[in-house]
Amino acid sequence: MARLFTFLRQALTHLRRSPLLAGAALLTIGVVFLLLSVFGLLGYNLALLAESVGQNLQASVFFSDTASEAEREAVREILRRSPLVAGFEELTPAQAMARFRSRLGPDQAILEGLGEDWLPASLEIRLTAAGRDPAEMERLAQALRLPGVEDVQHGQAWLEQFDRFLRAARLGALAVGLLVLLAALVIVSNTIRLAVYDRQDEIVILKLVGASDAFVKVPFYLEGLLLGSLGSLLGVALAWLLSAVVQLEPGWLLPEGLGALALEPRNLPWEGWVALLCGGPALGVIGTRLSLGRHLRV
Amino acid sequence: MYHVYMNYGPDQPVLYDITLRIGKAEFAFVTGPSGAGKTSLLRLIFLAEPCASGQILVAGENVARLPESRRHLVRRKIGVVFQDFKLLPLRTVAENVAVGLEVLGWPRRQVRRRVEEMLRLVDLEHKAHVLPARLSGGEQQRVAIARAMIGDPPILLADEPTGNLDAELSLQIYDLLERINARGATVVVATHDRAWVERTHRRVIALERGRVVTGGLPAA
Ligand SMILES: Nc1ncnc2c1ncn2[C@@H]1O[C@H](COP(=O)(O)OP(=O)(O)OP(=O)(O)O)[C@@H](O)[C@H]1O
Ligand SMILES: [Mg+2]
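Residue numbers (the numbering used here), protein chains in the order written: chain A, 20 to 317; chain B, 18 to 237.
Source of the hints: derived by calculation from the structure; they are not laboratory data. Heads up, a few of these hints could be off.
Some chain A residues near chain B, calculated using beta-carbon distances under 10 Å [said to hold, decoys possible]:
no.	residue
1	LEU61
2	GLU221
3	ALA230
4	PHE234
Beta carbons are placed, not taken as given, at the ideal position from N, Cα and C, and that holds for glycine.
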């Protein structure tokens, strides 16, 4: 234990001996982890958004003006049996108009002059989780296109697009994240490699007086560990601060329009932060491992 | 104790067909003119150089084919006083001497006590916290000797251990070497200090241009 402490002090001394190099490495790692944290935050919030959109998924059936009661009942019957349907509500043209008005809010003036029965009678359907599957939903929509039904609308096409966007965003973030991580790895590994060259004579002497490989390597691992830990601490702390600020003042960073989506920025769960923080030491150790490979032969 | 038989050369051969045997607890000098290969011979023994062919036995272990991962175990049995000292420039005298024990995994407190003892022995207590660059050649040499001897190795190789020392200090150093030898350690000293070699009546292995001239095998 005391020995580890000695090693740690040595590692610190060594890092201080080349402050520019260590500083640059630290800064790079910090930026990398800031980026990774921001990606994590965005991804987490997008996933939450997708989930809430999926939960509020609706479909509507619009009846033609001439639809008979029997025709309407046939539609209701299908809905009652479908596993995709959580429930439905029938709206008269007047009710539909009232709901539309309230949704438009201050813009309802544009409806001025339209009759109360301007909108068709309709059924608003709340979907179950199974209703998220576009293929299933399309099949239900086909079944519902009976005589007396003017149109069936569902948000699947839009949802699919959103899903595709999410997937692409996730893939992009993953690719950029990996690239950035790789860059950090190269930086750490190069920093340690330079330190090894710098201390080549010392390493040779230590080995000649009987030092084991581990004895020679541990200080370098500690240096890598230190760089990685401090760097990730720096980046993650910054991201955490950023996230806290955005939560306090959502309008500060988000474009105006997005507020209407009821987007409520949420912080990562603590497990996420811990995982990000652990990434630093891991990066340091792997980077050191890469550079120590074959340099210590004596 | 060692049974050395080798042919050695990086680009140009340096040692030719050397066969010699140094017994356990023996005290032997390796002599020869400058460039004869004394240092090279010692470097073979403490595994700083590979041999081109032949066998080298150190403490019963054939080190010629020893895997890298086990070399340090053999080196720990050998204390070396390097001709060029090989002190760590950024560590103090005390730290340099301590390294000899730290690599063996000794606990810190015992290391400190032993280092004090050792520095007293080579008359350097007053320079314990000085960096090697601030020392005279002879002082650096004594640090190197202290580091080599601190772990009480069963084998001690000393390459010109008195090269930079005056007669009185040399006497002290040889006294030290004699004492560690009396405790059962094998001591091999490379030197061209004829006066000393003749006075001590110890075994002499004479090298000349990479060959053993006399003393390869112990006098029967
Ligand atoms: N690393 C090396 N690479 C190539 N040749 C070397 C190397 N070290 C020594 N030599 C050569 O090996 C020969 C023997 O050198 P060595 O250092 O063993 O001599 P020495 O007997 O110790 O001499 P001295 O008394 O001056 O210390 C010399 O001719 C030298 O040029
Ligand atoms: Mg020499």
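Consistency of the hints with the structure:
With a least beta-carbon distance of about 47 Å to chain B, the hint placing A/LEU61 at the interface is violated under the 10 Å criterion. Hint status for A/GLU221 relative to chain B: holds, with the closest Cβ pair at about 6 Å, below 10 Å. The beta carbon of A/ALA230 comes within 4 Å of a beta carbon in chain B, closer than 10 Å, and the hint placing it at the interface holds. Interface restraint check: A/PHE234 against chain B, minimum CB-CB distance 6 Å, threshold 10 Å, status holds.
Violation of the numbered hints given earlier is confined to hint 1; every other hint is satisfied by the structure.
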